[in-house]
Amino acid sequence: MAAPEGGGLGEDARLDQETAQWLRWDKNFLTLEAVKRLIAEGNKEELGKCFGARMEFGTAGLRAAMGPGISRMNDLTIIQTTQGFCRYLEKQFSDLKQKGIVISFDARAHPSSGGSSRRFARLAATTFISQGIPVYLFSDITPTPFVPFTVLRLKLCAGIMITASHNPKQDNGYKVYWDNGAQIISPHDKGISQAIEENLEPWPQAWDDSLIDSSPLLHNPSASISNDYFEDLKKYCFHRSVNRETKVKFVHTSVHGVGHNFVQSAFKAFDLVPPEAVPEQKDPDPEFPTVKYPNPEEGKGVLTLSFALADKTKARIVLANDPDADRLAVAEKQDSGEWRVFSGNELGALLGWWLFTSWKEKNQDRGALKDTYMLSSTVSSKILRAIALKEGFHFEETLTGFKWMGNRAKQLIDQGKTVLFAFEEAIGYMCCPFVLDKDGVSAAVISAELASFLATKNLSLSQQLKAIYVEYGYHITKASYFICHDQDTIKKLFENLRNYDGKNNYPKACGKFEISAIRDLTTGYDDSQPDKKAVLPTSKSSQMITFTFANGGVATMRTSGTEPKIKYYAELCAPPGNSDPEQLKKELNELVSAIEEHFFQPQKYNLQPKAD
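Once you know that position 259 of the sequence shown is 261 in this note's numbering, the rest is easy, because the numbers rise by one and skip nothing.
Take the hints with a grain of salt, since some may be wrong.
Straight-line Cα separation of at most 30 Å, BS3-like style, residue types lysine-lysine; simulated pairs [stated by the list, open to error]: (1) Lys567 / Lys510; (2) Lys270 / Lys362; (3) Lys51 / Lys612.
Derived DEER-like restraints, expressed as beta-carbon distance ranges [claimed, not checked]: (4) Gly513 / Arg342: 29 to 39 Å; (5) Ser338 / Ser518: 37 to 47 Å; (6) Lys392 / Arg342: 18 to 28 Å; (7) Pro566 / Asp230: 34 to 44 Å; (8) Asp234 / Lys99: 21 to 31 Å; (9) Ser518 / Asn460: 35 to 45 Å; (10) Lys392 / Lys302: 27 to 37 Å.
Worth flagging that the hints you see were computed from the coordinates, not collected in a lab.
None of these values were measured; they are calculated from a predicted model.
Where is the CB? At the ideal position from N, CA and C, for every residue including glycine.
Put together the whole structure using the sequences plus the hints.
As structure tokens, then:
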């Protein structure tokens, strides 16, 4: 066991101890040689980066660069993590050896350190099988949502997905699902973390991944799960005859990730002609050669090749998945010839409206509405709340991240409720509750059916979005961030908001905009509640304050769990009726400028604005 941080050992002595342990335990020639080389060169700086601190296992699991050392994703840290996770599961589930777990992986690889998602998945499977635990290991790459789907379908104890989603190419990750099919929430992350620290030394068979191939405990669920997933998906196809006849053409990109084959199959399941795939991006490539960042959230830069192919094939709609196919971006060609990329909030409005409309057609009984729910995260648009108020179903908001929506959805389903839809502004959509996480495959084909149906009414997605805003009230959103690498500065900025007048009071206005309510999920304060206590869970380890303004505006400022950013999300919600969207945009821009000037104070705190 390494000494705890600051546990009496000097930094040099701690580094020496960590590296000596590494040399004893690492059996991957490439990472072992890399560490030996750094030691021989006396390269303290690089050793400090590789061995500075063990990757922290959080609710999102692990995410870090691939390479040598305890701060990186590599064979040894995967073995150590899985040994801890295995011991933790043994404590939690008495039937672990009967039920087992599922493991899948994306196409990431890092030749210089010998790491790849496939290799990490095999090592994780070896750990469990060596302890007599059945493992359902996919034989090839899958989208991330296939793991939570398999947990529920096969009634397993847990799931592991090896992926770094849309992170830069050098990164990888280890994402964990519980037996309820949702991502883990606290306190499991703490329990797993502790178990990892107690099981650092590789077990005798840890490195021998060849032993799993002949083991009766290894199962390959690829064919049966794929079949089950697309059968379940068919239940969300509402207009098969429209799909067969539609003239709407689609282009799809999987941005060098796993999505291609699965989206093709999803279209076939809906009797839609499969979309044209961007040839340069359709096959998995861990180098992501055609994009700066493999993240469709970055908008038009990632979609350049898609637009070119769409223009060539006369397609009006582009569907883009991120590399692990759990997110979806949609763009539509406007009459002006310009491409419009819908924001996550706009697509959330369209899909929410569509899933409710389609459900209502099949369920004429108004009484069913009282057991029907939609969810979104607290930094996402409140458009679903407006639709719910008018239509009579329930809307709930959760903390940021699909782990919260997945767990809440499962609670509601277990109570006999119907969960129609959940989304977050970071282009994540749960359209089919047989996956309790975001799913870019189902979202892609459901978006395609929506576009095909609207075309029969001579409507575009943009026109339908406008109709939703006219009926339920315009919801205009704007989000951005400032970069700040100094934790103390971030703390000062938020503490200043809590003591705005020097008398421990929050601000009463922001420039000319009067504040009507404040919720602080770091401290648990909410002045809109009778007892001034927030309803949503609070977390002292992250900063998050939401301001509600007298003009119908809402703005949240929060720190990011994974990046050195202070993010903000602002929205202006107008009541139903034909408001002037341009006037609302102008007012929202003024509100955002006031927030940047008075609350962020970028000059005072030396914050870097987002690069355009």
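Results of checking the hints against the structure:
no., hint, result
1, Lys567 / Lys510, "holds (25 Å)"
2, Lys270 / Lys362, "holds (25 Å)"
3, Lys51 / Lys612, "holds (26 Å)"
4, Gly513 / Arg342: 29 to 39 Å, "holds (31 Å)"
5, Ser338 / Ser518: 37 to 47 Å, "holds (39 Å)"
6, Lys392 / Arg342: 18 to 28 Å, "holds (26 Å)"
7, Pro566 / Asp230: 34 to 44 Å, "holds (41 Å)"
8, Asp234 / Lys99: 21 to 31 Å, "holds (28 Å)"
9, Ser518 / Asn460: 35 to 45 Å, "holds (42 Å)"
10, Lys392 / Lys302: 27 to 37 Å, "holds (34 Å)"
Checked against the numbered hints given earlier, the structure satisfies every one of them.
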